[in-house]
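Asks: The task is simple: from the sequences and hints, build the whole structure.
Protein chains: 4
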Amino acid sequence: MAHSKNGCVATLVVKILKLRTNKTTARQGSRFNQHAVTTAYSVAAKYDESFSGEWMLDPDKGIATLHASEGLPHLTVPMKTMLGCISVAPPGEEQYRATDLGVFGGNLDYNDNVQGTILYFPVFHPGALLGFGDVHAAMGDGEVVGTGLETSANVSFTVDVIKGYATPQVRAETKDYLISFGVAGSVPESIQLATAQLADWVKKDYKLNDSEIALVFGDVLKYEIAELVDPHFDVVAKVPKSALATLK
Amino acid sequence: MAHSKNGCVATLVVKILKLRTNKTTARQGSRFNQHAVTTAYSVAAKYDESFSGEWMLDPDKGIATLHASEGLPHLTVPMKTMLGCISVAPPGEEQYRATDLGVFGGNLDYNDNVQGTILYFPVFHPGALLGFGDVHAAMGDGEVVGTGLETSANVSFTVDVIKGYATPQVRAETKDYLISFGVAGSVPESIQLATAQLADWVKKDYKLNDSEIALVFGDVLKYEIAELVDPHFDVVAKVPKSALATLK
Amino acid sequence: MAHSKNGCVATLVVKILKLRTNKTTARQGSRFNQHAVTTAYSVAAKYDESFSGEWMLDPDKGIATLHASEGLPHLTVPMKTMLGCISVAPPGEEQYRATDLGVFGGNLDYNDNVQGTILYFPVFHPGALLGFGDVHAAMGDGEVVGTGLETSANVSFTVDVIKGYATPQVRAETKDYLISFGVAGSVPESIQLATAQLADWVKKDYKLNDSEIALVFGDVLKYEIAELVDPHFDVVAKVPKSALATLK
Amino acid sequence: MAHSKNGCVATLVVKILKLRTNKTTARQGSRFNQHAVTTAYSVAAKYDESFSGEWMLDPDKGIATLHASEGLPHLTVPMKTMLGCISVAPPGEEQYRATDLGVFGGNLDYNDNVQGTILYFPVFHPGALLGFGDVHAAMGDGEVVGTGLETSANVSFTVDVIKGYATPQVRAETKDYLISFGVAGSVPESIQLATAQLADWVKKDYKLNDSEIALVFGDVLKYEIAELVDPHFDVVAKVPKSALATLK
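Residue numbers (the working numbering), protein chains in the order written: chain A, 1 to 248; chain B, 1 to 248; chain C, 1 to 248; chain D, 1 to 248.
Watch out, some of these pointers could steer you wrong.
The list that follows gives simulated cross-link-like pairs (lysine to aspartate or glutamate, DMTMM-like), each with its CA atoms no further than 20 angstroms apart [unchecked claim]:
{"id": "1", "chain 1": "B", "residue 1": "Lys163", "chain 2": "B", "residue 2": "Asp176"}
{"id": "2", "chain 1": "C", "residue 1": "Lys207", "chain 2": "D", "residue 2": "Asp210"}
{"id": "3", "chain 1": "D", "residue 1": "Lys207", "chain 2": "C", "residue 2": "Glu49"}
{"id": "4", "chain 1": "C", "residue 1": "Lys80", "chain 2": "C", "residue 2": "Glu70"}
{"id": "5", "chain 1": "C", "residue 1": "Lys207", "chain 2": "D", "residue 2": "Asp160"}
{"id": "6", "chain 1": "D", "residue 1": "Lys46", "chain 2": "C", "residue 2": "Asp205"}
Chain B residues, not near chain A, derived (Cβ > 12 angstroms throughout) [said to hold, decoys possible]:
{"id": "7", "residue": "Ile118"}
{"id": "8", "residue": "Pro126"}
{"id": "9", "residue": "Ile162"}
{"id": "10", "residue": "Leu215"}
Hint data in this document are derived by calculation from the structure and do not stem from the laboratory. Note that this is a predicted model, so its numbers are computed, not measured. From the three backbone atoms N, C-alpha and C, an ideal C-beta is built for every residue, glycine too.
Replies: Right under this line is the structure:
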């Protein structure tokens, strides 16, 4: 269980109230990360050194439009502005670079960390020391090219504290889902962590035994591969609130 | 490229027209597979030997209801009837057990192999030798308890042949997505295969270069973890047709 | 436990008495397999298409000498002639290609499957159906270039049967070590299988409890990475007989 | 390339001259780490809570003897005293806990980091800031029970500096081998790093092209699994000096 230095046990609750881009442009990478494609694909790929992934953003219409290239004369994608990084200070005396992630959050790069999402953090130090950034106007799963549509945003949020309870690691909640982040050194371990953390959470809150939680997850569990390219991998396990609503 | 024994090059196209359960019950497992949770979770779990995952199915209402247990007195989930297995005969002289999967399809356990989905198979032998089964009334991602809601169904489908072109491995298409199955011995390799196969497919069909396909996937690619528990793993990479529609 | 079709329970014991190359040449690959090096290495590598890995063998002196190349004018390595493949027929109705491996043995590519080594196989079918081949005059760990020094040999061996006991999977014994092969779809799983199988074996033979076997392995266990390039991976766990000698 | 803060480029060379235990006892764990055995093994294991892994050390005879347990009345193993941890300060502003490891060394837990071994470190900060500890009187591969025979030692060593050249990451040399440490978040990535780093090293020193280095490694490369249980994994790739001696 997380204890801050002064012994208090608490969970920091952050709700992203508003997240709106404040620039008209974004930049994006255009090479696959090694973890996203086979080695054979990487060896054969002929990337265009002069290719520039520049986008124009129209947050009123919710549309991003690529500066035309030969093969992509008019690509548009829906904007879904997200926070790539959000964290409290990590446990102990450790320091992390902005690209890293862990039980404290960090570079989770989850494309549903958007307006309306609530995040729960363990508190390891007095004041918790919340930080965030790395705004993407849109991003596919896995951040397969090493970036999203990198831009900046104005962020409004509320912060609350649950005293006497410390979530063991960062987790989240949207309108429809309870969400667990599995952060580990490999995707298989990220999957195992994400599922086990979510099972522990739901089992406790809904007073289920091990057979019951396994059965429920066997029906309704969803996985998302959030992050393939950073020092640690991030797999999301989530369970729909609609299914949990029938449990009580 | 796949060649049948008599040298013909072809792709088998199977559209699932109708998939409707024909039994009123289903059975489901209730222990997590070792790949779905941490070892610590598996060691600590106290499964109830007498727990029985029996469901009643109501396909008219599209609802499955669990026979009550203490912690789950009235669990209901929406039915989404799927084919766990669908395949052509594998290449060469190889034989596979029904639990296995590969470029020929097989136990893909993808919970979007449902009514309306179209599958494309390489043809390795005269007649292709299509087979299917393993009906699930519903199933979460990854088949984390080793089963879905196992039942049976009436299936209507159409079969078509594309001559002169052989898809390198099984793939699929729904109303909204182009879908690639990455079948390999580990999840990281399944991810790499799924992405690379989908990239090769879209690159060719939309005449994109390597930088362009990487950029598009960086925005809109989605992953799903279809299968964690069989002799091979199955990760789905998919791209929305809506994004591709702006390419032409 | 392995049962042959007619219900008999048995282990096939094969001792390689003599293994001597019968050709004066061998051929070898000269590109790293994707599992042996990083993607960055593979992308940067400039392999010489005209490079030819041809060796002259001198089994009397036990030396292999490379046909000179510019950078390798006089490379010689000690010969250590090994059997790349040795197997019984796999269980059930399955068929395998010669490149595959499993509980039945097969393409284990272990560079200590040499003269003097004893292998133990489960018997799945009447007659066991022993087969072998794929002679390498020498090979590094992991078969990192996809081949050893490929040649052929005369082989003398004895075959024996242990009735009433079936080894759960292929294992081996040299003058100095008890050896377990972990064959799986990824290296981490191969490691886990190899260790667990060896622990089960030694625990039973030496009447140790779980704490005792863990302690012994914590002191003296050795791993070898036998095979990185085939459809399944092969990691060897082994324990020195000298340590076990002090147990009785 | 590693640059210290003041811009100097250098490699720190540490030779372990003498490493001799200075206590008569050592303690050792006796439960398998989850990465060393299958989940099924961990679930079935019945560890003895009262089991105590206490050893008596006799450095004159080079023998460690276990305090007798029922199943292990007189276990003795040869001592091979090693340094579990040895490192310089990590790059940038990062801080690491003593259990971690990386390009800077750290908890490499390599059982050949013994008397006579020479280690090469990149210099990231003025003075390099060498540190070491975590003495094991003996340890099997992988540190499968989470410890070796933990004790303490007197250490004599020499320190030298190579100016104008910075090794990209920690590496080592014994009487017989050139040694590369692959430190990563999973064993497959550790293997790939270890091989690629060693290939880059030997290729440069012996002026080999990519085909030549691949061929040489295909014959003589050895792997060792040094560390399975820490925040990062550590696989060693090594090449015998005897083979390299024929290259010049």
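Asks: Please go over all the hints and tell whether each is borne out by the structure.
Replies: Consistency of the hints with the structure:
Taking the CA atoms of lysine 163/B and aspartate 176/B, the gap is near 25 angstroms; set against the 20 angstroms cutoff, the hint is violated. A hinted pair counts as satisfied when its Cα atoms are at most 20 angstroms apart, and lysine 207/C with aspartate 210/D does not qualify at roughly 51 angstroms. With a CA separation close to 18 angstroms, the supplied pair lysine 207/D and glutamate 49/C stays within the 20 angstroms bound. A threshold of 20 angstroms between alpha carbons decides the hint, and for lysine 80/C with glutamate 70/C the separation of about 26 angstroms lies outside it, so the pair is violated.
Simply put, lysine 207/C and aspartate 160/D have alpha-carbon atoms about 51 angstroms apart, too far for the 20 angstroms limit, and the pair is violated. Annotation: proposed proximity of lysine 46/D to aspartate 205/C holds, straight-line Cα distance about 18 angstroms (limit 20 angstroms). The beta carbon of isoleucine 118/B is kept farther than 12 angstroms from every beta carbon of chain A, the shortest such distance being approximately 23 angstroms. With a least beta-carbon separation of about 30 angstroms from chain A, proline 126/B lies farther than 12 angstroms from that chain, consistent with its non-interface assignment.
The Cβ of isoleucine 162/B lies farther than 12 angstroms from every Cβ of chain A, with a closest approach of about 24 angstroms, so its non-interface assignment holds. Non-interface call for leucine 215/B relative to chain A: violated, since the shortest CB-CB distance, roughly 4 angstroms, does not exceed 12 angstroms.
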